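Visitor: Modelling step: build the complete structure from the supplied sequences, incorporating the hints.
Sequence order for the protein chains is A and B. The numbering of the first sequence is our numbering, which starts it at 5 and goes up by one. The numbering of the second sequence is our numbering, which starts it at 67 and goes up by one.
Hints were generated in silico from the structure; no laboratory data involved. Computed from a predicted model, the values in this text were never measured in an experiment. We put the CB at the ideal spot given by N, CA and C, even for glycine. Please note that the accuracy of each hint is not assured.
[Stated by the list, open to error] Beyond 12 angstroms from chain A on every Cβ pair, some chain B residues (computed):
| # | residue |
| --- | --- |
| 1 | 184 |
| 2 | 234 |
| 3 | 264 |
[Unchecked claim] In silico BS3-like pairs for lysine-lysine, Cα to Cα no more than 27 angstroms straight-line:
| # | chain 1 | residue 1 | chain 2 | residue 2 |
| --- | --- | --- | --- | --- |
| 4 | A | 78 | B | 231 |
| 5 | A | 105 | B | 231 |
| 6 | A | 78 | B | 162 |
| 7 | B | 120 | B | 104 |
| 8 | B | 244 | A | 119 |
| 9 | B | 231 | A | 167 |
| 10 | A | 105 | B | 250 |
| 11 | A | 105 | B | 227 |
| 12 | A | 167 | B | 120 |
[To be verified] Simulated DEER-style distance windows between Cβ atoms:
| # | chain 1 | residue 1 | chain 2 | residue 2 | range |
| --- | --- | --- | --- | --- | --- |
| 13 | B | 291 | A | 118 | 45 to 51 angstroms |
| 14 | B | 78 | A | 97 | 39 to 45 angstroms |
| 15 | B | 117 | A | 118 | 19 to 25 angstroms |
| 16 | B | 254 | A | 223 | 57 to 63 angstroms |
| 17 | A | 124 | B | 254 | 55 to 61 angstroms |
| 18 | A | 146 | B | 88 | 49 to 55 angstroms |
Here's the letter readout for the chains.
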Amino acid sequence: MSVSKIKITGLNLYYDNIQVLKNINLEIYSDEIFSIIGPANAGKSSLLRAINRLADLDGAVVQGEIRLDDVDIKNIPVNELRRRVGLIFATPIVLPGSIYKNIVYGPKMHNNYTKKELDELVYFSLSSAGLWDEVKDRLWDSATCLSGGQQQRLCIARSIALKPEVIMMDEPCSGLDPISTIKIENTMLNLKDKFTFILVTNNTKQAARIGTKTAFFFAGELIEVASTEQLFTAPKDKRTNDYIIGRFG
Amino acid sequence: MKFRIGPRTSQIIAYILLLICTIFVISILIFIIGFVFKNGFASLTWNFLTQKTKAMGKEGGVFPSIIGTLMVTLFAIIVATPLGLGSALYLTEYTKGGVIRRVISFGADCLAGVPSIIFGLFGFIFFVIALKLGWSIISGGLTLAVMILPTIIRTSEEAIKAVPKAYREISYSLGVGKIDTIIKIVLPSAFPGILTGIILGIGRAVSETAAVIFTAGSSLNIPSSLFSSTRTLAVHFYILAREGISMPKAYGTATVLIISILLINFIAYRLMHRFIARYY
Numbered sequence: 005m006s007v008s009k010i011k012i013t014g015l016n017l018y019y020d021n022i023q024v025l026k027n028i029n030l031e032i033y034s035d036e037i038f039s040i041i042g043p044a045n046a047g048k049s050s051l052l053r054a055i056n057r058l059a060d061l062d063g064a065v066v067q068g069e070i071r072l073d074d075v076d077i078k079n080i081p082v083n084e085l086r087r088r089v090g091l092i093f094a095t096p097i098v099l100p101g102s103i104y105k106n107i108v109y110g111p112k113m114h115n116n117y118t119k120k121e122l123d124e125l126v127y128f129s130l131s132s133a134g135l136w137d138e139v140k141d142r143l144w145d146s147a148t149c150l151s152g153g154q155q156q157r158l159c160i161a162r163s164i165a166l167k168p169e170v171i172m173m174d175e176p177c178s179g180l181d182p183i184s185t186i187k188i189e190n191t192m193l194n195l196k197d198k199f200t201f202i203l204v205t206n207n208t209k210q211a212a213r214i215g216t217k218t219a220f221f222f223a224g225e226l227i228e229v230a231s232t233e234q235l236f237t238a239p240k241d242k243r244t245n246d247y248i249i250g251r252f253g
Numbered sequence: 067m068k069f070r071i072g073p074r075t076s077q078i079i080a081y082i083l084l085l086i087c088t089i090f091v092i093s094i095l096i097f098i099i100g101f102v103f104k105n106g107f108a109s110l111t112w113n114f115l116t117q118k119t120k121a122m123g124k125e126g127g128v129f130p131s132i133i134g135t136l137m138v139t140l141f142a143i144i145v146a147t148p149l150g151l152g153s154a155l156y157l158t159e160y161t162k163g164g165v166i167r168r169v170i171s172f173g174a175d176c177l178a179g180v181p182s183i184i185f186g187l188f189g190f191i192f193f194v195i196a197l198k199l200g201w202s203i204i205s206g207g208l209t210l211a212v213m214i215l216p217t218i219i220r221t222s223e224e225a226i227k228a229v230p231k232a233y234r235e236i237s238y239s240l241g242v243g244k245i246d247t248i249i250k251i252v253l254p255s256a257f258p259g260i261l262t263g264i265i266l267g268i269g270r271a272v273s274e275t276a277a278v279i280f281t282a283g284s285s286l287n288i289p290s291s292l293f294s295s296t297r298t299l300a301v302h303f304y305i306l307a308r309e310g311i312s313m314p315k316a317y318g319t320a321t322v323l324i325i326s327i328l329l330i331n332f333i334a335y336r337l338m339h340r341f342i343a344r345y346y
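Guide: So this is what it looks like as structure tokens:
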């Protein structure tokens, strides 16, 4: 059943007195792949960083309210918030150390797992991310040996290992080849019953392929949000239309 | 017509110039080490290493000085490493590149350029006299610690700054707190650089004369506690040569000093490579 997962009300975000997000009101439901599209400097990444409060570290000023399961995120311990809301970056960056270590690094900080539980967690996360068959024989090899697409799926597995509720992806396929992109999209489709996805993408086709809902951001404003089908076939705003038919951006 | 050197010729000239620089530098090093070894090797016997010093150094060995050097250096490193690493971490992870950080970094750089004799006098006035620690391993060790702190702070700072910001962001986004991120991600990644700073510190401490002679004294007895006065190898060498007590023994001491520094570097780099191989 679809319930309200994240509710954003009146969100403004400033970096050094420059307003990056302007009065954003948005509701994201569970079981969604919520796509966010828009040209550069639209504030898409800033929105994700506001949701898991990474923006605080950059010295951003955040006004307004973000609620996760109807609890203001300011009232959730920040490490707990970031465990529940995972973030995948555009460039896959694996931590130094083995594939196995990459997966268990986060979980070990949150819980006391036995060796057996950790092994199971590694299996669960890697198979969820569709990577298990490719790496099962070299779990202890350095994670940097993997290809770019594999590294990105490892990053997804690393997030899954924390048993999050929401997984946010910040242009996860921007540096990947089409085949790796398809693999990651399939991973998301397979997992969309378990997690709420927020997908920021520069690739409008990707949003059209897998997004259940799509929001169009432009210059820090939320221009339009609708079901993906509606947004791509009958956009209400002219700017949305211009962007998706490729007139700019 | 303008005279031009062809790209091929300029490549060759550059190559030869750089090669000459390298050969020059290496030959200076080999010459110094060779010179000391040639003069000192005759004195370098097992007895020289294990026996007490007799007749002010004219006879006997350098065993007390070896122990003294070890203790003073070890004490200095044990004091300076946590302090230096701690302040480097504070500067890089907890300040935002503002005025404080620049002032402290500038101070550390200035401190690194202060002649060691000044540290010696400071140590003498502060540790030996004011704190009543006397001529002792503690006074010498603390003085050396103050002296090598800037080296350790600056090298650690650079090493920590070189750890990609993305590592920290990933760690935070996995819900790991700041201090755990520092311990589990930042420090291990910066470790080789930090170790280099410590090795440089050890090198300076082992070979230091001026700062130690005023603070650790020049006793030739085997130190019995941290409050004993002691004579480090470098001081021993200085006194033997300066007072013309025995040149063969002086060169013998210098040989021991050089070998120990080579050994420290060798071991440290081996440790570092083993660490990197295990970690990456």
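Visitor: Check the structure against each numbered hint from earlier and tell me which ones fail, lowest number first.
Guide: Hints 2, 12, 15, 16, 17 and 18 are the ones this structure does not satisfy, whereas the remaining hints hold.
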